[in-house]
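A.B. asks: What follows is each chain in one-letter form.
Number of protein chains: 10
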Amino acid sequence: MKRSEVTEKILDAKRLKGLSWKEIAKKIDPKQSEIFLTAGLLGQMKLTPDQAKKTAKLFGLGKLEEILLTEAPYRGSLPPGPPTDPLIYRFYELVQVYGTTWKELIQEEFGDGIMSAIDFNMTMDRQPDPKGDRVKIVMTGKFLDYKRY
Amino acid sequence: MKRSEVTEKILDAKRLKGLSWKEIAKKIDPKQSEIFLTAGLLGQMKLTPDQAKKTAKLFGLGKLEEILLTEAPYRGSLPPGPPTDPLIYRFYELVQVYGTTWKELIQEEFGDGIMSAIDFNMTMDRQPDPKGDRVKIVMTGKFLDYKRY
Amino acid sequence: MKRSEVTEKILDAKRLKGLSWKEIAKKIDPKQSEIFLTAGLLGQMKLTPDQAKKTAKLFGLGKLEEILLTEAPYRGSLPPGPPTDPLIYRFYELVQVYGTTWKELIQEEFGDGIMSAIDFNMTMDRQPDPKGDRVKIVMTGKFLDYKRY
Amino acid sequence: MKRSEVTEKILDAKRLKGLSWKEIAKKIDPKQSEIFLTAGLLGQMKLTPDQAKKTAKLFGLGKLEEILLTEAPYRGSLPPGPPTDPLIYRFYELVQVYGTTWKELIQEEFGDGIMSAIDFNMTMDRQPDPKGDRVKIVMTGKFLDYKRY
Amino acid sequence: MKRSEVTEKILDAKRLKGLSWKEIAKKIDPKQSEIFLTAGLLGQMKLTPDQAKKTAKLFGLGKLEEILLTEAPYRGSLPPGPPTDPLIYRFYELVQVYGTTWKELIQEEFGDGIMSAIDFNMTMDRQPDPKGDRVKIVMTGKFLDYKRY
Amino acid sequence: MKRSEVTEKILDAKRLKGLSWKEIAKKIDPKQSEIFLTAGLLGQMKLTPDQAKKTAKLFGLGKLEEILLTEAPYRGSLPPGPPTDPLIYRFYELVQVYGTTWKELIQEEFGDGIMSAIDFNMTMDRQPDPKGDRVKIVMTGKFLDYKRY
Amino acid sequence: MKRSEVTEKILDAKRLKGLSWKEIAKKIDPKQSEIFLTAGLLGQMKLTPDQAKKTAKLFGLGKLEEILLTEAPYRGSLPPGPPTDPLIYRFYELVQVYGTTWKELIQEEFGDGIMSAIDFNMTMDRQPDPKGDRVKIVMTGKFLDYKRY
Amino acid sequence: MKRSEVTEKILDAKRLKGLSWKEIAKKIDPKQSEIFLTAGLLGQMKLTPDQAKKTAKLFGLGKLEEILLTEAPYRGSLPPGPPTDPLIYRFYELVQVYGTTWKELIQEEFGDGIMSAIDFNMTMDRQPDPKGDRVKIVMTGKFLDYKRY
Amino acid sequence: MKRSEVTEKILDAKRLKGLSWKEIAKKIDPKQSEIFLTAGLLGQMKLTPDQAKKTAKLFGLGKLEEILLTEAPYRGSLPPGPPTDPLIYRFYELVQVYGTTWKELIQEEFGDGIMSAIDFNMTMDRQPDPKGDRVKIVMTGKFLDYKRY
Amino acid sequence: MKRSEVTEKILDAKRLKGLSWKEIAKKIDPKQSEIFLTAGLLGQMKLTPDQAKKTAKLFGLGKLEEILLTEAPYRGSLPPGPPTDPLIYRFYELVQVYGTTWKELIQEEFGDGIMSAIDFNMTMDRQPDPKGDRVKIVMTGKFLDYKRY
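Chains as they are written, first to last, in my numbering: chain A, 67 to 215; chain B, 67 to 215; chain C, 67 to 215; chain D, 67 to 215; chain E, 67 to 215; chain F, 67 to 215; chain G, 67 to 215; chain H, 67 to 215; chain I, 67 to 215; chain J, 67 to 215.
It is worth saying that the hints were derived from the structure and are not from the lab. Please read these numbers as outputs of a predicted model, since none were measured by experiment. Take these hints with a grain of salt, some might be off.
As the list claims (entries may be wrong) - Beyond 10 Å from chain E on every Cβ pair, some chain F residues (computed):
(1) K119
(2) A122
(3) K129
To be verified - Computed cross-link-like contacts, EDC-like style, restricted to lysine to aspartate or glutamate with a CA-CA straight-line distance of at most 20 Å:
(4) H:K112 <-> J:D78
(5) G:K75 <-> G:E89
(6) H:K68 <-> H:E132
(7) H:K83 <-> G:E175
(8) C:K83 <-> E:E137
As the list claims (entries may be wrong) - Reference excerpt, derived from the structure (chain E facing chain F, CB under 8 Å, subset only):
(9) L153
(10) Y158
(11) P194
(12) F209
C-beta: ideal position from N, C-alpha, C; glycine also.
Generate the whole structure from the sequences, applying the supplied hints.
C.D. replies: Structural data, given as structure tokens:
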């Protein structure tokens, strides 16, 4: 069984139950970030055994599917090539347009290294604005120095 | 003349003068964000005529180069294919891992549409942390509804 | 279940009922543009709950399929690579041939920014012509200024 | 000599003279569409000998460059892969999102065939709108029937 | 149902009946070119309702399959990338080797434009030759002038 | 020196002399097909020493360039990926649409094998037609049997 | 039915019967080369009706599968992109490393043309060697002259 | 300096001197295989210091170029993607058609492992044949067992 | 049946039995390296008949699946393109960053040749470290000299 | 100026001086690993100002080149696509063959996370072996836990 099949089952069950990701996150583990849990249910993060058990119960999954949710998945949620979905493409566009700027400014501030995408967290909020509300995303990642040896 | 040749000239002049992007931004336009200006000097944003004039003076550019800085460039700062530089790749990895999560959560909150990469701004800061300082990036983009017609 | 499976079911039912897209659009929602609705039934736009209900009734779809029609789909209707179908390829060819012209003329008229593909609408008509009728496509998209920050 | 070198020379001369495409089009041939002429100067269309002569005079081009402007160029104005420039990408996105819709609706109305990208013309205008002006593009292309033989 | 599934059914039925394309073409419509009909049965051309009915009868297809044969298919008969089959690759090689020659000579003779692949026909014959028989392919396509506007 | 540099020199000299390919072919070798010679001058075929000498004289080429014209070139006249030029693309489209048809019909007539693209020749003519003149291309290639061993 | 499904059935039957390709070749046609026959059973060559009948009997294939074995397959045994299997990759590496050498030396010896991959045969043997046995592959292909016309 | 520049210099000098690869090989080192030396001069193999010195003398190369000839080059003689030159493509086609056959037969004979492309040698000869002479290529490569550990 | 189907069955059985790779390796063959065996169970190495029999018994596989485990598989464990999974990507990144360094240093030390990936072995260990434990990978591969001939 | 130009200058100077990487590393900084320094001189690592000064002196580089050596480079030492050089390809092959094995075993031992390629070091040695010396590579990278948030 593939993790993507578990994801598809979860999405179908979610549709029929009419639950939002917010509600699901609250039921499965109110202490974990909703972004992290959604990413897990979409097959990109590993759930704890307890979260997996609650997910299996909520969506009627079998034992094998429950175990799969506790494994580190082969990550990568998109088909090959630049994403064709406009919402996701805009983030890809940011990498195209700001890639070299991030490199210059982060390395000017911190030295040679990278912002970790592993020791990393993120929040997403609605920022009310009279000209049209805005999506606000805050990411922090640990700066990792290139080790000299 | 290509915009990328202007970028290369600016980078060489910056190296020889020993200036940081922070210092350059202050000299060219202290009211504009340092990210925006750096992106402009790296060939991804259009400078105002006044900013371009100051850039030309600071780095010894000619008239044609100054005009090019005031044009909307053909954007895209990276060679084709997934970026090979580790710092930039980590952002690409975030798109791979979180792409579908962003889609689900933004559209759950805002409805069908996208976060604009045009009506968009960003800050980047150092977040001190005893376990190792963190890079903090805050982005806000206007939510644009898919128009029904 | 995938949205593409819903699309395939709709296409098969449409074939057997012998309905045209014009007729279907009239039955589902005569106030919505026929282009928008067709795009929705082909898996590229989100229908309203009422439109989805009528679609499900018309084509004999189940509850899950009806719900899928009300979700923002992962957009992108074509296989990867340049389209091989000649009708669709001609539009791709227009992007290849006129891409830089659009950029120059739109930005000369409006400044730095883009024509939105989200706040966008389109009509398609037959333009009678003694030398052979013509396809007439009219698109309007809101101009979005690159935000300076 | 390559056509792209002529294009680059024209762009540099245009920058230094501070002319707009509108003004250039008026000087070179006020009876020809500004879109067509701009595309020609960007290396995508063939100019008439008279237009090429005026272009050469206006921008100080040599004889060889003037002749190149009167040749049918190897068309294609973009680097390989999906365009990275946001303005041009949005048109590519329209092909991704509306490709199958165009196919269904054009062929429902006209039968099996294509909209010509050769016997084709286009206009581009500003459509004033209180919520933000819109880019309006009107294209007409002759419908060509797939010949049965 | 996909057109490619209809093609596969036709091929299997043809195998079991031991019919050649020549014989099939005669049975379905002796007035239509054998090339055109074969391309239709392989999923690249649209059959007339009468041809589709005869095809369905000959090969035992159902109603849905018969209707699919009367639709303009999403054309493109090959997997992505250069064709790996040697017979088909040789035609691709001709495009690689003679592409620029065709462009120069057709445009020298006819002016700026293209040979239509839509208003197009083709024959294929055996040309006896003592050194080994030859495949003779004759194509004619309407010349289409690039419209100036 | 690369063969493509010789091609570029020939094209520039041809432009300045105002010669057509027909005229050039007559001057260089009236007994050889105009298609073959044009392909040679565009860097895809090998000229005879005598043809190369005449070409060098006509266009003012040096000794090294003359020798390069007598070498079998690394063939392939197009940039990588599907051709973006519309005239050349239409031939590529024929391969996409008719590839499997050619395979079926040639192998039905001749058995397992291919049409040679090496023992191959071609003519191109204008076919007058009241509805618009047509481009007529006739190709013959020796049929080569797959050797059984 | 696809040829690749026949190949998979043959491989499974071969596994369960515990036969080697050598033994199979002897049973099906001891006069045909073992390489040719293996390539045919792997879906790359066409078998004679008699060979196909014996194959069907040996492996328990049905009528349709037997007929498929007598058709010229759509050749190409590998997934797209450079082969990932090390044994097959080494041959691809030879093309990368020796490609231009083959071109120079074959054309120096034979003139402009190619080594046919159609009128071609091959043997493969073990060459005992005290430092480790060697794989010996002998290929001969008819030299085909580029036809001048 | 890049090895490809040395290759280009050698090719130009060879053209002007009118030498064949056979003659060059004899002058540089009659004891080394002509294939190996040609591959070296084309930038794919490393020459001995003595061979490099003789090459430099023969073709008038400088000291730096002579040293480059004695370095192990970054191998790979072809542009990316399947080769477009017909002579070289035919070898690529053999990999496509016979790849899985080589795998099955070599591993049936020798066990799990590969034919080395490093401990490898090759000869190329003309095989006279009344139906047309043939190119004969003999390769032997050491069989390397996959090490079990 | 494909090897990848056997791999998927093994993974599912392993999940339900709750065994680790270490435990499995011990049961199947305690004398073989755990890396080698895991690679085999993941479809990249060939097991001995005895190992295959024990695997089949442990996981409840059938005869055909057992035989498949004893065949040299078509190697390559990843989807095409750079790996999207972060853990695996980091190894790919090492090739991008250190590729030319490995080439320079290995060839400086050993001469022209390669490190074999066939006569190769590897261990993987946890290296305790107060700043965070480290993954330690040791690889040794036989150096193979490029054969001169 | 681009970093790759500095690399090319260093390689040329190294050739003419006849120095090995070992010798160069000793002169520039005997306390830094030879692998790290070679990677830096090949444009993949950032040197310290002191190392850059010594490099500039040793190889006769200018001020700008010296500064470039102290910048974090845009990393990635290889042309796009799988590497064609056999020595480097073998490492790429290890990723293809062992990628999933590394994932399974590292995550079984350490939990969900990655081996850092930033907090990473490496040694390379010759391992004498009577059957042929071996290349021994030892890598250690800090294990980074996927942060839960």
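A.B. asks: Each hint should be assessed against the structure and marked as holding or not.
C.D. replies: To see whether the hints hold, each was checked on the structure:
1. Every beta carbon of chain E lies more than 10 Å from that of K119 of chain F, the smallest distance being close to 22 Å; the non-interface claim holds.
2. In this structure A122 of chain F is separated from chain E by more than 10 Å, as the shortest Cβ-Cβ distance comes to about 20 Å.
3. The claim that K129 of chain F lies off the interface holds: its Cβ sits roughly 26 Å from the closest Cβ of chain E, which is beyond the 10 Å cut-off.
4. Distance hint between K112 of chain H and D78 of chain J is fulfilled; the C-alpha atoms sit about 17 Å from each other, no more than 20 Å.
5. Proximity of K75 of chain G to E89 of chain G is assessed by CA-CA distance (about 18 Å); at most 20 Å being required, the pair is judged to hold.
6. Pair hint K68 of chain H plus E132 of chain H holds up; C-alpha atoms about 12 Å apart against a cutoff of 20 Å.
7. Proposed proximity of K83 of chain H and E175 of chain G is supported: the alpha carbons are some 18 Å apart, at most 20 Å.
8. With a CA separation close to 14 Å, the supplied pair K83 of chain C and E137 of chain E stays within the 20 Å bound.
9. Satisfaction of the interface hint for L153 of chain E is found here, the shortest Cβ-Cβ separation to chain F being roughly 4 Å, below the 8 Å cut-off.
10. With a least beta-carbon distance of about 5 Å to chain F, the hint placing Y158 of chain E at the interface is held under the 8 Å criterion.
11. The criterion of a C-beta within 8 Å of any C-beta in chain F is not met by P194 of chain E, whose closest approach is roughly 11 Å, and the hint is violated.
12. Because the beta carbon of F209 of chain E sits about 5 Å from the nearest beta carbon in chain F, less than 8 Å, this interface hint is met.
Checked against the numbered hints listed earlier, the structure breaks hint 11 alone; every other hint is satisfied.
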